[in-house]
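*Asks:* Residues per chain, in single letters:
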Amino acid sequence: MTSTAAFLRSSLLMLGLGILLLIGIVSYSLWLVQVNREYSDETASLRGVRSAIVGLLATSQDAETGQRGYLLSKDASYLEPYDKAVAQLPARWKALQDTLGPRPDYAVTLDELKLAIDGKMTELSRGVDLTRQGRYDEALTLLSTDAGLRLMDRIREILGGNLERTDDRLSEIVDKQLSAADSLQWVTIGGAIAILVVVGGAILVIFQHVRDLSRTREEVIALNAGLEERVNERTEDLIRANQEIQRFAYIVTHDLRAPLVNIMGFLSELDTSIKAVSTYVMSDERTPTEDEIREARLAVSEDLPEAMGFIRSSTKKMDALINAILKISRDGRRKLQPERIDLKSLIEANAATVHHQLAEQGGEAKIAAGYITSIVSDRFSLEQIFGNLFDNAVKYQMPGRPLKLNVDIRPDGPRRIRIDVRDNGRGIGQQDLERVFELFRRAGEQDQQGEGIGLAHVRSLIRNLGGDVTVESELGKGSTFVLSLPTDLTRVFRSTDQ
Amino acid sequence: MKASGQEVIIVMIEDDEGHARLIEKNIRRAGVHNEIVPFTLGGKALDYVLGESRDGLANRDRYLLVLLDLNLPDMSGIDILQQIKGNEHSHAIPVVVLTTTDDEREIQKCYDLGANVYITKPVDYEGFATAIRNLGLFFSVIQVP
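Line by line, the protein sequences give chains H and Y.
Here full-length UniProt numbering is used: the first residue of the first sequence is 1, the next is one more, and so on.
Here full-length UniProt numbering is used: the first residue of the second sequence is 1, the next is one more, and so on.
Keep in mind that the hints are not guaranteed to be accurate.
Claimed, not checked - Using 16 Å as the maximum straight-line C-alpha spacing, the simulated EDC-like pairs for lysine to aspartate or glutamate come out as follows:
id	chain 1	residue 1	chain 2	residue 2
1	Y	Lys25	Y	Glu126
2	Y	Lys25	H	Glu302
3	H	Lys275	H	Asp303
4	Y	Lys85	Y	Asp55
5	H	Lys404	H	Glu348
6	H	Lys477	H	Glu445
7	Y	Lys44	H	Asp447
8	Y	Lys25	H	Glu306
9	Y	Lys25	Y	Glu35
10	Y	Lys25	H	Asp303
11	H	Lys317	Y	Asp15
12	H	Lys366	H	Asp408
13	H	Lys317	Y	Glu17
14	Y	Lys44	Y	Asp55
15	H	Lys114	H	Asp98
16	Y	Lys25	H	Glu295
17	H	Lys316	Y	Glu17
18	Y	Lys25	H	Asp271
19	H	Lys176	H	Asp41
20	H	Lys344	H	Asp378
21	Y	Lys44	H	Glu445
22	H	Lys404	H	Glu360
23	H	Lys395	H	Glu445
24	Y	Lys109	Y	Asp79
25	H	Lys114	H	Asp153
Claimed, not checked - A short, non-exhaustive set of chain H residues, derived as facing chain Y with CB atoms under 7 Å:
id	residue
26	His254
27	Arg257
28	Val261
29	Arg442
30	Gln446
None of these hints come from the bench; they were simulated from the model.
Ideal placement from N, C-alpha and C gives every residue a C-beta, glycine not left out.
Go ahead and model the full structure; you've got the sequences and the hints to work with.
*Replies:* What follows is the structure in structure tokens.
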């Protein structure tokens with residue numbers, strides 16, 4: 001969840017950053033192109049200005065040169081360039097006026113220029129007129145007044161100034177264009193780097209996300225497999241519990257019915273006996289026969305006490321059975337009180353209660369433990385469990401062989417602990433390994449007192465703690481009771497509550 | 001009750017003394033007077049039926065009939081049945097299973113293992129007595145001429 005949100009956030013950030021950068025680069029480039037176009041237009045228009053200025057200057061000089069040639073040679077053929085220049089002049093002037101008119105810094109010079117050009121043209125045309133009329137001296141005098149020269153200088157000066165201004169402006173624009181090109185280059189390089197960084201970052205984020213996703217997927221697969229396993233385990237537990245209930249019901253009904261059969265049977269026998277007795281007692285006036293007397297005596301001396309004895313013992317047995325069932329049921333219903341318990345010291349304390357019986361025969365109890373012996377569980381149940389197991393070990397030891405009890409505590413997978421209680425007693429036959437845990441059932445030689453409750457109780461207690469007990473055994477060599485317990489009872493409760 | 005001219009010995013494997021006594025009484029009432037050898041433990045009964053070495057050779061010159069309770073304290077009656085019926089020298093011994101349950105699967109299992117008769121011990125005593133007496137009839141049926 002967090003990974004997805006972080007991924008979304010960082011990839012959106014990257015995307016946003018990338019888009020902003022691209023927009024910036026594109027708009028700056030567009031702006032630079034626009035600026036460049038303006039510079040180009042300006043350059044073109046300035047070139048127009050320049051050519052108009054140069055054109056006017058050339059035409060004025062052509063006119064002057066042609067007039068001077070004519071004045072000196074008096075040859076009419078020299079007038080041709082002059083006439084041509086004079087004819088061109090209004091167009092040239094018009095072009096100059098059009099190009100310079102909109103430019104205020106140039107326009108201010110136009111009036112003075114007009115004046116100078118008009119003056120010059122008047123001077124030139126007078127000179128030509130005088131020469132045509134043959135008044136050479138007057139023409140030369142006009143020439144020598146220097147008025148024409150000054151006017152021409154003035155024209156050159158004004159046009160030259162304009163030309164210079166135009167050239168300055170042009171070189172300025174070229175500089176600006178160059179710097180704009182530079183900017184464009186740098187912006188492009190910067191943009192490329194920025195895009196590379198953003199793309200790299202995005203790839204990195206995507207890569208990380210993909211890695212996270214595949215890791216999560218693996219986890220989900222693992223969890224799924226675990227879940228399936230747990231469902232199977234739970235199902236097996238349920239099936240087992242169900243089978244146990246059926247087995248329990250079977251045993252209880254069977255075992256309760258056995259004394260009932262006795263009671264009903266001997267009640268019936270009582271009836272028979274009483275009939276014999278009453279035949280004798282109620283004989284009234286007639287004398288009872290020999291047989292009747294014998295039967296009545298037999299009934300009173302043997303049958304009646306026997307029947308009553310069996311009825312009494314069967315009733316007692318039923319009571320004992322019911323009490324045993326009640327005890328197991330009560331312990332099963334008892335509210336467990338989880339607390340932190342050091343298993344090793346609890347087992348040691350329980351082993352100490354049979355120490356005396358062990359020492360009598362030269363036996364011993366050894367308790368070995370790994371470094372984890374602390375669990376959270378129900379003390380009362382554990383004491384009952386180990387108490388029963390140790391009592392059994394003492395009870396069913398091999399006669400003439402000192403009893404050796406070995407308890408081994410070690411971790412058993414995650415959050416479970418395993419306790420092996422091994423003895424060198426008489427052992428249990430293969431066919432009886434499950435039977436010993438059944439209620440009212442016992443195995444092997446029946447030379448010890450017992451009701452067949454102990455191990456059934458142990459199993460019911462430990463299953464209540466979320467654990468289990470099984471037994472491995474070899475007849476004549478010894479048995480190992482394998483106990484498995486959760487290290488934390490409260491966790492088992494929690495998962496059961498769900 | 002005889003087989004091949006020999007007295008048949010009734011082996012009663014029943015841990016409940018009361019049941020044993022009732023069975024005996026009813027057998028006698030049915031007019032069967034053969035010797036009854038009672039056992040309360042499966043192990044001891046097998047020692048008798050199959051011999052201490054469990055080879056079953058003891059049955060070559062005697063005729064037994066086994067009354068078997070399925071629920072014994074030291075071992076399961078099914079195991080006893082299996083061992084008797086699994087031995088070549090003892091598999092011919094008629095076995096009458098007596099039990100307090102009428103679980104059909106258990107009955108079927110006993111027949112599968114070779115039990116000859118299966119009788120449930122009902123709480124209703126008349127039924128029980130009748131069943132035992134019928135057993136007396138059964139005893140006379142198995143008498144081999």
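*Asks:* Output the numbers, in ascending order, of every earlier hint that fails for this structure.
*Replies:* When the structure is compared with the hints, none of them turns out to be violated.
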